[in-house]
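Residue numbers (full-length UniProt numbering): 1 to 289.
I should point out that these hints are in silico values taken from the structure, not numbers from a laboratory.
Since this is a predicted model, take the numbers as computed values, not measurements.
Yeah, the Cβ is synthetic: ideal placement off N, Cα and C, and Gly gets one too.
Treat the hints with caution; some may be incorrect.
Claimed, not checked - Derived Cβ-Cβ restraints for the label pairs, each shown as a range:
#1 N26 with Q249: 46 to 54 Å
#2 R28 with D167: 37 to 45 Å
#3 D255 with R117: 38 to 46 Å
#4 P39 with Q60: 53 to 61 Å
#5 S64 with D167: 21 to 29 Å
#6 C83 with R270: 29 to 37 Å
#7 L57 with A216: 18 to 26 Å
#8 T158 with E120: 22 to 30 Å
#9 K24 with G119: 45 to 53 Å
#10 V51 with H93: 16 to 24 Å
#11 H132 with E288: 37 to 45 Å
#12 S155 with R221: 15 to 23 Å
#13 G27 with R101: 41 to 49 Å
#14 E141 with P39: 14 to 22 Å
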Amino acid sequence: EDTEGLTEARCFFCSGVHCDVRGKRNGRLDLGIAYSQRPCSAAGVFTTNDVKAAPVLHGQAILSKGGKKFHAIVANSGNANACTGEQGETDVHTMASETARQLDLEPEQIFVCSTGRIGEPLPMSRITAGIHDAAQDLKDEVDGGPAFQRAILTSDTTTKSCLAEFDAPEGTVHVTGVAKGSGMIEPNMATMLAFLTTDAAISPKLLQQLLSDATAKTFNRITIDGDMSTNDTVLILANGFSGITISEQDPNALDAFREAVEKVCSCLARKMVGDGEKVTKLVELIVEG
Numbered sequence: 001e002d003t004e005g006l007t008e009a010r011c012f013f014c015s016g017v018h019c020d021v022r023g024k025r026n027g028r029l030d031l032g033i034a035y036s037q038r039p040c041s042a043a044g045v046f047t048t049n050d051v052k053a054a055p056v057l058h059g060q061a062i063l064s065k066g067g068k069k070f071h072a073i074v075a076n077s078g079n080a081n082a083c084t085g086e087q088g089e090t091d092v093h094t095m096a097s098e099t100a101r102q103l104d105l106e107p108e109q110i111f112v113c114s115t116g117r118i119g120e121p122l123p124m125s126r127i128t129a130g131i132h133d134a135a136q137d138l139k140d141e142v143d144g145g146p147a148f149q150r151a152i153l154t155s156d157t158t159t160k161s162c163l164a165e166f167d168a169p170e171g172t173v174h175v176t177g178v179a180k181g182s183g184m185i186e187p188n189m190a191t192m193l194a195f196l197t198t199d200a201a202i203s204p205k206l207l208q209q210l211l212s213d214a215t216a217k218t219f220n221r222i223t224i225d226g227d228m229s230t231n232d233t234v235l236i237l238a239n240g241f242s243g244i245t246i247s248e249q250d251p252n253a254l255d256a257f258r259e260a261v262e263k264v265c266s267c268l269a270r271k272m273v274g275d276g277e278k279v280t281k282l283v284e285l286i287v288e289g
């Protein structure tokens, strides 16, 4: 069922605002921030397209430095910031820097994601104003989980969110996720964004392994229309707020966490296919032997 979104994992906060990225003045939400007060381990899986949008290159670059330092995702819809050259790269860094300034963070602690039209420069004055408004909503503790979900949509007809949780002796771990993407999803995640959050504590290396495995079993198996995007991104942030550590030294907790991540990814993938452009039927193939 639908959930509040990324805020179901404890100590995560979200906001979503209208800053008119599309230039249509229709009031549609088009920029959101997901934020953890605590530093997070992070992992990501990105497009395999030879042409990678500037936000994807930024995400790959900051992840490659490792560490448990990440705090936020800033995402916009309406413009993919793809095939925009050096200006696109500059705009990504501006989005990260402005978000960092508003939240008292460093730019390399922030992922940037964009989805929408390709080949057009971002309207940065409106984007910057939107980041200010979204950050203010976070500071005002506005309940922005649903707003963040709406802010990342393009041709989707509905938001997509899923939640899994499991109990450990020390308490409960939550894994939650949201996604957008309706057309262009084949092969391997085309034009889709998926964000997961969890209050488990886990090393970046193990988190990356689990996310990569889950993505291969779920998002990379769905197809709608045969296209591949420049902006595909799956991210997970783990802030450790539950106090429960996931490691290979505790096989039971590791198996439960792996199952929860795969459950959320599978749920989101099914919702994406079900909301595909001009889709009237959902077919699942089970191959044995």
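Each hint tested on the structure:
1. N26 with Q249: 46 to 54 Å: holds, 52 Å
2. R28 with D167: 37 to 45 Å: holds, 39 Å
3. D255 with R117: 38 to 46 Å: holds, 42 Å
4. P39 with Q60: 53 to 61 Å: Violated, at about 20 Å.
5. S64 with D167: 21 to 29 Å: violated, 35 Å
6. C83 with R270: 29 to 37 Å: holds, 31 Å
7. L57 with A216: 18 to 26 Å: holds, 22 Å
8. T158 with E120: 22 to 30 Å: Taking Cβ atoms as reference, T158 and E120 lie about 26 Å apart, which means the hint holds.
9. K24 with G119: 45 to 53 Å: violated, 18 Å
10. V51 with H93: 16 to 24 Å: holds, 19 Å
11. H132 with E288: 37 to 45 Å: violated, 54 Å
12. S155 with R221: 15 to 23 Å: holds, 21 Å
13. G27 with R101: 41 to 49 Å: violated, 26 Å
14. E141 with P39: 14 to 22 Å: Distance hint for E141, P39 holds at roughly 20 Å.
Consistency with the previously given hints fails for numbers 4, 5, 9, 11, 13, ordered from lowest to highest.
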